[in-house]
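**Q** Going by my numbering, the sequence shown opens with residue 1, and the numbers climb by one from there.
If you are wondering where the hints come from, they were derived from the structure by calculation, not from laboratory data. Computed from a predicted model, the values in this text were never measured in an experiment. It cannot be assumed that every hint is accurate.
[Stated by the list, open to error] Only pairs whose alpha carbons sit at most 30 Å apart, straight line, appear in this in silico DSBU-like list of lysine-lysine:
(1) 212 to 201
(2) 288 to 299
(3) 423 to 372
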Amino acid sequence: QYINSSDFNQLINEENISFLSEKEKIKNEIEIFEVSLKLLLTLRESLSLQNQILSDLKDKRESLIALNRDHKDFIDLEEGECPVCGYDWQSNDNLILRINETELKIFKQYNEDNSKFEKAKEDLHKRYLENFKALIIEENKFLGTELLKLIDYDSFTRLKDNYNSYKNRFENFLLLFKDEVKNQIISMINFRIIEDKNLTKDKILELIDKEKPSVETNINIDEIIADFNLYFTNDSEKLNKLSLDEIQQKRNYIEYQYFNSISVGINSLEVKTKNLNDLQGEYDKIRKTLDEKIKNYTKSIIDKISIPFYIYTGKILQNHSLGSGLVIDFEMNKADSQIYIKPTNRDQEVTYTLSSGQLSATVISLMLVLNKVFNQSKFGTLLIDDPLQTLDEINSHSLVELLKYNFSEQQIIISTHEDRYSKFIRYKYDKFNLY
Numbered sequence: 001q002y003i004n005s006s007d008f009n010q011l012i013n014e015e016n017i018s019f020l021s022e023k024e025k026i027k028n029e030i031e032i033f034e035v036s037l038k039l040l041l042t043l044r045e046s047l048s049l050q051n052q053i054l055s056d057l058k059d060k061r062e063s064l065i066a067l068n069r070d071h072k073d074f075i076d077l078e079e080g081e082c083p084v085c086g087y088d089w090q091s092n093d094n095l096i097l098r099i100n101e102t103e104l105k106i107f108k109q110y111n112e113d114n115s116k117f118e119k120a121k122e123d124l125h126k127r128y129l130e131n132f133k134a135l136i137i138e139e140n141k142f143l144g145t146e147l148l149k150l151i152d153y154d155s156f157t158r159l160k161d162n163y164n165s166y167k168n169r170f171e172n173f174l175l176l177f178k179d180e181v182k183n184q185i186i187s188m189i190n191f192r193i194i195e196d197k198n199l200t201k202d203k204i205l206e207l208i209d210k211e212k213p214s215v216e217t218n219i220n221i222d223e224i225i226a227d228f229n230l231y232f233t234n235d236s237e238k239l240n241k242l243s244l245d246e247i248q249q250k251r252n253y254i255e256y257q258y259f260n261s262i263s264v265g266i267n268s269l270e271v272k273t274k275n276l277n278d279l280q281g282e283y284d285k286i287r288k289t290l291d292e293k294i295k296n297y298t299k300s301i302i303d304k305i306s307i308p309f310y311i312y313t314g315k316i317l318q319n320h321s322l323g324s325g326l327v328i329d330f331e332m333n334k335a336d337s338q339i340y341i342k343p344t345n346r347d348q349e350v351t352y353t354l355s356s357g358q359l360s361a362t363v364i365s366l367m368l369v370l371n372k373v374f375n376q377s378k379f380g381t382l383l384i385d386d387p388l389q390t391l392d393e394i395n396s397h398s399l400v401e402l403l404k405y406n407f408s409e410q411q412i413i414i415s416t417h418e419d420r421y422s423k424f425i426r427y428k429y430d431k432f433n434l435y
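Please build the complete structure, drawing on both the sequences and the hints.
**A** Here it is, written out as C-alpha cells:
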C-alpha cells in the first residue's frame, strides 16, 4: 500500500524498515535503500520549501504590480523605474521583461530540482520498490495459501475456548492404549498441518479397532442381566460407584483364587503322580516276578514234555526228511519269550519245513503229550476231532499204534468224515481186543 501510494514517510518508518530487513532475499539492500530514501525525502522537502517560497514570491509580485498599477498616479516613479529596488530600466516594458526573466530563472532551477526528484523517485521504484513489492506479493500469496490450510477464525476461537476440555478428553483417550500405540497416534497428528485428514482418521480408527478388547459374540445377555440384578439389585448407581481400583482389587482376588485353585490341583496331581509312580514301581516288581515265574513254569513244562514229545512225534511222523522226532526249544533271553518246535540239530522251525499233514501230526502229538503228562482227571476219556483228515496212511497207522500202547486204559472217541479211516481204526482196535 505504501509503495503504491509512494508514501515515503511511512516507508522510512522504523517498523517498516525492520520488517523489510527480516526478508532474506533483500536484507542486504535495506541499508542502501534507507539512505536513498532519506535523500529522496530531503530533496522532496527542499522542493516543497522552494515551491512555497516561489508561490509566496509570485503572490507578492502580483500584489505589488496591482498596487503599483492602482496607485501609480500617487507614486513618484519614473518610467521604467523598479518599484522594489528602484533600478531604472528605462521603460516599463523593459521592467516587465526583466521581472519575467527573473521569474523564469527562479522557476528553471525549481523545475530542474523537481526533475531530479522525479528521476530519483523513478530510480528508487525500479531499483528497490518494485522488487520489494514483488517479494511482498509473492509472500502474501504464499501466506494466503497457507492460511487456507488453517482453520477459520470462528473455529479457532471455539477450539481455544474448549482447549482444556479437549485436552483432558484426548489425554484420557490416550490412557486407553499402551505406550507403543499411544506414540503411534501422536506421531500421526503431531503436525501443524495434516495433509490427508481422512487417511489419518482411517489409520487411527484401524489402530483403535486392533486395540479394542475382543467381546464374544455368543454372550448370553439374559445371564448378564440376571447377574446385574443379583449383584447390583438392578441399581445402576451402585455400578457407577465402582472405582477402577475396586474393580482391579476384585480382579486380583479372582486371579488369586484361580491360580490358587490351579496350585492346589497341581499339588494334588503331584501327590497322585507320586503314588502312581510308587504303584508303577510295585507293578514293575510284581510283573517282573510274574514274568520270571511264568518263564520258569513254562520252562518246567517244556522240560517235562520235551522227551515225551520227541518220542510221540518220532512214532507218528516216523522217518521224515529232517530225521525222526522233534524237539521243543524255549528262548527265555529275548524280550518276548518264544517256543519253537524244531527238528533235531536244526535251527529252522517246522512251520517252514513240514507238510500240512505232518504239522497236524505234530499238533496231535503235542496235545497227547500234554494229556499224558498233566492229566489228573479220573474221567479217563480222550475226545479227538477228525485227527486223520490230513494224515497219510503211515502217519495214521502210527497214530493208532501210539494210542494203542500209551492210552489203552482210556476211552477214546474219535470223529472223522472218512468211512475207510473209521473202519480201519475199528479193525485195529478189534485186533488189539480194545474195541
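**Q** So which of those numbered hints doesn't the model satisfy?
**A** none
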